[in-house]
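Asker: Full structure from sequences and hints, please.
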Amino acid sequence: MAYSIQEQIVKKIVAALEGITAVKGFDNTIASVQRLNQAGVDLNAVPTILVKEGDVSVELSQSIFPNVRKRMELLAVVIARQDESDTSTDLRSGGEMLNSLVADIERAVATNRTWDGLAMQTDPPSYSEVEMDATVPHLARAVRFEVIYEHVRHGPSQPAGA
2 MAYSIQEQIV KKIVAALEGI TAVKGFDNTI ASVQRLNQAG VDLNAVPTIL
52 VKEGDVSVEL SQSIFPNVRK RMELLAVVIA RQDESDTSTD LRSGGEMLNS
102 LVADIERAVA TNRTWDGLAM QTDPPSYSEV EMDATVPHLA RAVRFEVIYE
152 HVRHGPSQPA GA
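With the sequence shown counted from 1, adding 1 to any position gets you my numbering.
Hint data in this document are derived by calculation from the structure and do not stem from the laboratory. As the structure is a computational prediction, the values presented were derived from the model and not from experiment. A portion of the hints provided could be inaccurate.
[As the list claims (entries may be wrong)] Cross-link-like lysine-lysine pairs, in silico, DSBU-like; alpha carbons within 30 angstroms at most:
#1 K25 to K12
#2 K53 to K25
#3 K12 to K53
#4 K25 to K13
Answerer: Right, here's the structure in full:
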């Protein structure tokens with residue numbers, strides 16, 4: 002099965018986010034990276050990152066036939082749980098935890114802005130608060146960034162110039 006350029010980029014982003022571990026020099030270790038599923042998000046192991054694809058727009062003024070340039074919005078929603086018990090070894094506030102996790106995500110995304118040549122550019126991210134609909138309280142923040150890429154106009158699986 003030939004994956005679209007968009008899907009190939011998303012798979013590389015997921016792999017980069019899965020690499021967020023203290024062993025690799027990050028401040029945190031991500032328990033899981035998930036994509037949208039009908040069953041929802043598995044919050045048994047946190048911190049977790051939910052990767053959501055947003056709008057994909059065509060930049061026709063920047064497209065040169067036979068290629069088409071696109072701008073894909075991605076959200077990496079980091080979800081954590083704060084242990085406020087007396088035995089907790091992590092004494093950071095919820096805000097400190099989220100800021101640290103967001104910084105790790107930003108660092109992971111910045112390491113490969115072209116996703117091994119599949120994209121032209123990955124824009125620096127912005128952040129927004131997210132409320133989680135769960136029975137157990139969770140902290141969450143969305144990291145939003147855009148990836149610009151091209152493919153053959155009538156072949157979403159074919160890179161530009163193919």
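Asker: Now tell me if each hint is right for this structure.
Answerer: How the hints compare with the structure:
no., hint, in the structure
1, K25 to K12, "20 angstroms, holds"
2, K53 to K25, "24 angstroms, holds"
3, K12 to K53, "12 angstroms, holds"
4, K25 to K13, "17 angstroms, holds"
Hint compliance for this structure: every hint is met.
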